[in-house]
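**Q** Full structure from sequences and hints, please.
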Amino acid sequence: NRALDHRLRLALPTGIPGGRYFANEVFSFVERDCGWGEPERANYVEFPGCERAMSGIVGKRDAAGCGLAFLAAGGLHECAAPDTADGALLVTLLRCFNTTVGTNGEPAGELQGCWSFDYGLLPLEPTTGYGELQRLQDCLAAGVRTTFVRAGNAPAGSTSLLALEGDGDLCFSTAKRPEDGGDELILRLYHAGDGEANGALALPGNVERAQYVNLAEQPLAEAAFAGNRIPLRVGPWKIVTLRVRLAKERG
Numbered sequence: 027n028r029a030l031d032h033r034l035r036l037a038l039p040t041g042i043p044g045g046r047y048f049a050n051e052v053f054s055f056v057e058r059d060c061g062w063g064e065p066e067r068a069n070y071v072e073f074p075g076c077e078r079a080m081s082g083i084v085g086k087r088d089a090a091g092c093g094l095a096f097l098a099a100g101g102l103h104e105c106a107a108p109d110t111a112d113g114a115l116l117v118t119l120l121r122c123f124n125t126t127v128g129t130n131g132e133p134a135g136e137l138q139g140c141w142s143f144d145y146g147l148l149p150l151e152p153t154t155g156y157g158e159l160q161r162l163q164d165c166l167a168a169g170v171r172t173t174f175v176r177a178g179n180a181p182a183g184s185t186s187l188l189a190l191e192g193d194g195d196l197c198f199s200t201a202k203r204p205e206d207g208g209d210e211l212i213l214r215l216y217h218a219g220d221g222e223a224n225g226a227l228a229l230p231g232n233v234e235r236a237q238y239v240n241l242a243e244q245p246l247a248e249a250a251f252a253g254n255r256i257p258l259r260v261g262p263w264k265i266v267t268l269r270v271r272l273a274k275e276r277g
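For the sequence shown, position 79 matches number 105 in the working numbering, and the numbering has no gaps at all.
Since the hints were made in silico from the structure, they are not lab data. Be a bit skeptical, because a hint or two may be false.
Simulated restraints on C-beta separations [claimed, not checked]:
1) A273 x V127: 47 to 57 angstroms
2) E132 x D209: 35 to 45 angstroms
3) C122 x G178: 48 to 58 angstroms
4) W263 x G128: 31 to 41 angstroms
5) R203 x F143: 27 to 37 angstroms
None of the values given here were measured: they were computed from a predicted structure. Glycine included, each C-beta is placed from N, C-alpha and C at the ideal position.
**A** So this is what it looks like as structure tokens:
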């Protein structure tokens, strides 16, 4: 990029004029009307336009549920869906400005130099759910990881530190240590869909205790478990956070 004071956008003609489009936000997906902002706000000093926030996924479906989705590995957070004949989705790749409101100037904001963007395009079927889109974006962001082992020393099977099983729109979000320094695990997931989702968390060892906690990691209730599995029943668009203690191995 050698140009100053400009915006670079990727245009994706979907062939689906009018209607609504969707985008992901934190722990959710939202659906919005296509078009250039709200007519009742046309006389505002700063007209809202059609640009809206996203967390890297934006897409559009036709009446049959088919369509196209854009998935970014990261770093892209503005989209738009003007009501055009070709049903285009617009994704902002670069916003290059020297001065933003309330500052004395930001030369680095011109974003000069070479830039690369990792993203994917997914044709949508009626059965493609939001959970599948979110997992695909997570995989795109994580990339492919490889390792080398000596011939004959490869493990017999695959193992996983954590597995989320169940309905397609259950999405895993976080695995970390508690903020209070405890030796348990904080596990967070959410349901990106309507209705109720059933599933289970499978851990690498037997569970000694499991609690539901809020986002501040304060206890809410005890959670059921059996062996290394925690059964889940999650309501529509609900966030679930668990504090889990694994049983120590006896050797």
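**Q** Each hint: holds or not?
**A** Right, here's what the structure says about each hint:
1. For the pair A273 and V127, the supplied restraint of 47 to 57 angstroms holds, since their beta-carbon distance comes to about 55 angstroms.
2. Range check, E132 to D209: Cβ separation about 43 angstroms, and the 35 to 45 angstroms hint holds.
3. Remark: the range hint 48 to 58 angstroms for C122 to G178 is upheld by a beta-carbon distance near 54 angstroms.
4. Between W263 and G128 the C-beta distance comes to about 35 angstroms, which sits within the given range of 31 to 41 angstroms.
5. For R203 and F143, the Cβ-Cβ distance of about 33 angstroms falls inside the hinted range of 27 to 37 angstroms, so the restraint holds.
Violation of the numbered hints given earlier is absent; every hint is satisfied by the structure.
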